Amino acid sequence: MGAAEPLSLVLSRAMGGRHGTAVVLDAGTGELVACHDARRAALRQARPGSAIKPFTLTALLEVGSWKAATRIPCRREIRLAGRRLDCTHPEGLAPLDAAGALAWSCNWYFTQAARRLSPDDLLAAFERAGLAARSGLIEPETAGNLRRAEGLEQVALQAVGESSIEVTPLGLAAAYVRLAAGLSRRPELSCVLEGLLSCVRYGTGQAAARASIPVAGKTGTASGPAGAFTHAWFAGFAPARAPEIVLVVFLEQGQGALDAAPVAGAILEELGRLRRWR
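The opening position of the sequence shown corresponds to residue 1 in my numbering, with each subsequent residue numbered one higher.
Certain hints may be false.
[Unchecked claim] EDC-like cross-link-like pairs, simulated, lysine to aspartate or glutamate; straight-line CA separation at most 20 angstroms:
id, residue 1, residue 2
1, Lys67, Glu188
2, Lys67, Asp26
3, Lys67, Asp97
[To be verified] Pair by pair, the computed Cβ-Cβ distance ranges are:
id, residue 1, residue 2, range
4, Tyr202, Ala69, 34 to 40 angstroms
5, Arg186, Pro140, 31 to 37 angstroms
6, Leu43, Glu91, 35 to 41 angstroms
7, Glu150, Ser65, 15 to 21 angstroms
8, Gly16, Arg147, 31 to 37 angstroms
If you're looking for bench data, these hints aren't it; they were derived computationally from the structure.
Just so it is clear, the structure is predicted and the values come from calculations on it, not from any experiment.
Even for Gly, the Cβ is constructed at its ideal location relative to N, Cα and C.
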């Protein structure tokens, strides 16, 4: 993958002084390739927001309570447990299937689908994904914090990464390594990969797209304490169908599509040049 120091400089340059972290892992081995602000990557717990949705969709498909072809018209306005989580994707879209809902990060779709999951179903799926585990790549490191959601509304909030779950950027990167490996060998999860590809092609992750690198990824925007601010995520892997690296960008303030995805795109552009991906 190249020397760690030059790639760390690539990450730092792309971050441009923003408060946050960026992590690159080897998609094959799970080893740490490069990191900007290792302490924050390993210790900062935060809600993952929509970056968790690939794992939620995987849970729905594994439990057998949802079909990839199921389409739902988005009603946009969402109120859950006193929270407002309105959809921000373009209006007038045709009813979305699972891949389209992932691409456009449709909160309506995922909060409705999550009603088919029990609290134990979702918790177990997130645990299998490694979202509560330590990666062992950086010391000291904080594990993710998963809790059993209580009631349908809390399950729906957990399903979109807004309650009962906090992860570290390093932990989320390690979970995406497992996700990428699983998608490559499980055709029954093809809609998850298609959704991640479409997220970058035309959805919320467009700013991470690079012509020379086919990227699969997901943005996330999640609230901070008491909803006082939002923090931003981009998590993904490249090349999309034969992953070599997993990348996670976390920003202390901002939005996934507007802030984290462009940083990810700048990193991927440079990594693509160094690796000469096609």
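Violations among the numbered hints | 2, 4
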